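Peer 1: Model the full assembly from the supplied sequences, consistent with the hints where possible.
Here the protein sequences come in this chain order: A, B and C. Start counting the first sequence at 1; every next residue gets the next number (the working numbering). Start counting the second sequence at 334; every next residue gets the next number (the working numbering). Start counting the third sequence at 576; every next residue gets the next number (the working numbering).
Keep in mind the hints are simulated off the structure, nothing from the lab. Since this is a predicted model, take the numbers as computed values, not measurements. Treat the hints with care, as some may be off.
[As the list claims (entries may be wrong)] Covered, in the sense of this in silico footprint (three residues per stretch, anywhere, with C-beta under 8 Å from a C-beta of chain A), are these stretches of chain B:
1) 405-419
2) 441-454
3) 484-493
[Unchecked claim] Here are some of the chain C residues that sit facing chain A, going by a computed Cβ distance under 7 Å:
4) Ile667
5) Val669
6) Val674
7) Phe677
8) Thr678
9) Gly681
10) Ile684
11) Gly688
12) Gln691
13) Leu692
14) Tyr851
15) Leu855
16) Pro859
Heads up, the beta-carbon is just placed ideally off N, CA and C, and yes, glycines get one too.
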Amino acid sequence: MVERAGRALLSRRRRELLLGAVVLALLAALPLGVSGAYLRGLIVLALLYAGLSQAWNILGGYCGQISLGHALYFGIGAYTSALLFTRAGLSPFIGMFAGGLLSGLSAFLVGIPCFRLSGHYYAIATIVIGMMAALLASNWDFINAAQGITIPFHGEAWRNLQFRTAVLPFHYVMLVYAALMWLIAWVIEGSRWGFYWRAVKDDVTAARSLGVSIYPSKLAAAAISGAATGIGGALYAQYVGFIDPESAFDLSLSVLIALPAVVGGIGTLWGPLLGAAVLIPVQQLSVAWFGSAAGGIDLMVYGALIMVLALSRPEGLVSFFHGRARQEAVDHG
Amino acid sequence: MAEPLLQIREISKSFGSVAANVDISFDVTEGEILGLIGPNGAGKSSLFNIIAGEIAPDRGEILFAGQRISGIGAVACARLGIGRTFQVVRSFDSMTVLENVLVGAFLRARRTRAALRRAEEVIAVCGLAGRSDTVAHRLSPPEKRRLEIARALATEPRLLLLDEVLTGLTPTEAREGMQLVRDLRAQGITIIMVEHVMEVLLPLIDRAVVLNLGRKLLEGVPAEIVRHPEVIRAYLGDRYSG
Amino acid sequence: MSPALILQVAIGGILMGLLYAVVAAGLTLIFGLMNVVNFAHGALLMAAMYATWLIHRSTGLDPLLQLPLVAALLFGTGVAIYRVLIARTLQIRVNGAMVQIFTTFGLSIFLVGLAQLVFGSDFQSINASFLGGRTLAFGAVVLPLPLVASGVVSLLVFLALFRLSRTEFGRALEATREDFEAVALIGVDRDRIFGIGWGIGAAAVGIAGVLLANFYYISPDVGTNFALIAYVAVALGGFGSILGALIAGLVIGLTEALTALVVDPSLKQIGIFLIYLAVLMFRPRGLFGKL
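Peer 2: This is the structure in structure tokens:
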């Protein structure tokens, strides 16, 4: 029989799931209230990054391994799907599966040398490996090197994940992606792996003394995180219709993937979504407002926002809600 | 006579030019409380870490339930049934008490509900029931010590290594701590305790091994230990010899 | 491929390597002192290059003569970064390391944006400097004079850094990095030491920026590549080791030049990355790192 504290934990998880369903419903209804292709496009991007960042969060947040090379997995997913679609005519649904598999495998392989390092050493190793991949990609003729791949229009169909008319279908595609990532994180939070990863993040020696194998734990987190990121990459390729090493492998993309989780709340269920909801609009709107007239201000706004949020809210935007959530937990107890 | 639960055979370990342990051998019988005592720098912590698998000895071997465990690593030791606490507490600071203990409970229970039951049980045993939802970094130092014991207990150990768990407690807290140790032994858990405050330790333990300068000075029941002239000189100092 | 060409490329690589080493030294100094990685290091290099360009354009002062000026400017910038941003991150108890990483990343993005706003995205360069365009010939080996000068100045920087470690301030640095709580007890102001450490680290990048501005194009994201090389150099040489930075810089400069010569100029960084991978596999904390 699970006693009081355990019941509180389980019911907290049920409440999260319920909240998740409510938020999902609201986001599904969002296009009703938002017209205009631009605004809808903005939301599509925010949802994509909420999903990507949640994927990153599995390794970076729950397991505590700050990777700054996730563009590598994004790029592998995007390129695999795009190549299979353009050269073999395979549906992106097969492509994202293959891409996810390949990027998961890559994350595993990258982890083998890198998880011998920790902290800053690990972060720098992921940067270097990511940039190495970017360099290789822009010199590899088989994937069109620096020119990139333009994905031809094969006809409006869900099978092709291509839609001529509007961004609306992609709203639901990205929403499903973000929701799935959220659900994966929710399952992880309540599972043995999730607790093991958080233990690894907090104290490696103590974790070992409780029978937690550190290296395999990190590798597992990396593989899942990498695969989930690769699927997002495949979706991005199909949405935008064009990828090149600059847009799919760059360090700035790695940072952009990590940032929503960092800003929203690292290692939390709602952090990535919250962070993406703030960061992506700020970034996109400042590009739109300042981008042409006064290039650079967009980056300054973006950079300043990162600094201010990181310094003033080290636990992320979710900490605004924490006080109340913890209080609730006590009240129910 | 039954085989000892733990057999320590001629263990030596050096860190650089410092010999932490030299040729240490002793046995631990199932169900006993053994005290590991000695002044600072005697090699207690090093030996503790070797038994727990956190560090590998340079020479010698350790058998646990007849199986060689020296050099197999901390994770494998935990799986075989060796639990431990740390001299400088190592709680998972971002997690609640319940979550901390769950990590330990997941070693034997694969499913969350089963792990929760186990965790709640040991939290109650360790007197932390009211603190389940508290994030670990908010606990008081004595509570953190209890949390470490609870976490180790959750792994269902046969042998529990307690590193200075009674140090720095008020007399009341120390009495409660001693009672907890006795209760654990009553459940059939074998215990090795490191402590350098002898007064707390002596009434609690069945036997003691005294280390000094990395070597085993002697082993015996508490009454023998306190009478031994070398112990008095090396460890107890003037307070006892006077 | 003539021996003279190989020799020329090799010497060129070593001279470039010295410059890389100075950038890496700034990074490793800060890391060794307080375990913080400055992800805005490349942006500081970029800032120093633009400063040199701007001063040159508005006053005509030769880059070489600007060395003390820009170094002082960057010293001040380093101290300011420490005071305004880094000192705050040290107060943070939860996620402190993560906040440091992303604060310096944010700073980097901010500075690149600022450069874009002020100078535009076009490439700039300093055309009419004292050293510009001149070469130095030893038989068949011909070297650009700006590169030779940058090598000489870089060596002087290292000489100064090594001397610094033997001064009283150097010992205070050393003590602070060993145990800053203990140092506080004997009256050393931690913030002052750390601030000066950031100042010196940034000043090193400043000097590298001036030297580089003599013969390299200047753009808002020019720092990215140099920062990347600096990370590799620091990882190769060992985090916190000035000597390691020097040797790693030389190894990288030489590798890069020879890869460009033997394989292909566009792949010159592959050689560096392969070295990095080897380090990762066999000596994860670098050649001179504390393991």
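Peer 1: Hints first: check each against the structure and report whether it holds.
Peer 2: Consistency of the hints with the structure:
1. 405-419: With 8 residues close enough to chain A, the hint holds.
2. 441-454: Per the Cβ count (8), the hint holds.
3. 484-493: holds (count 4)
4. Ile667: holds (5 Å)
5. Val669: holds (6 Å)
6. Val674: Holds. Min distance 5 Å.
7. Phe677: This interface hint holds because 5 Å falls under the 7 Å limit.
8. Thr678: With a closest approach of 5 Å, the Thr678 (chain C) hint holds.
9. Gly681: holds (3 Å)
10. Ile684: holds (3 Å)
11. Gly688: holds (3 Å)
12. Gln691: Holds, about 3 Å.
13. Leu692: holds (3 Å)
14. Tyr851: For Tyr851 (chain C), the interface hint holds, since the closest Cβ of chain A sits about 5 Å away, which is under 7 Å.
15. Leu855: holds (5 Å)
16. Pro859: holds (5 Å)
No hint from the list above goes unmet by this structure.
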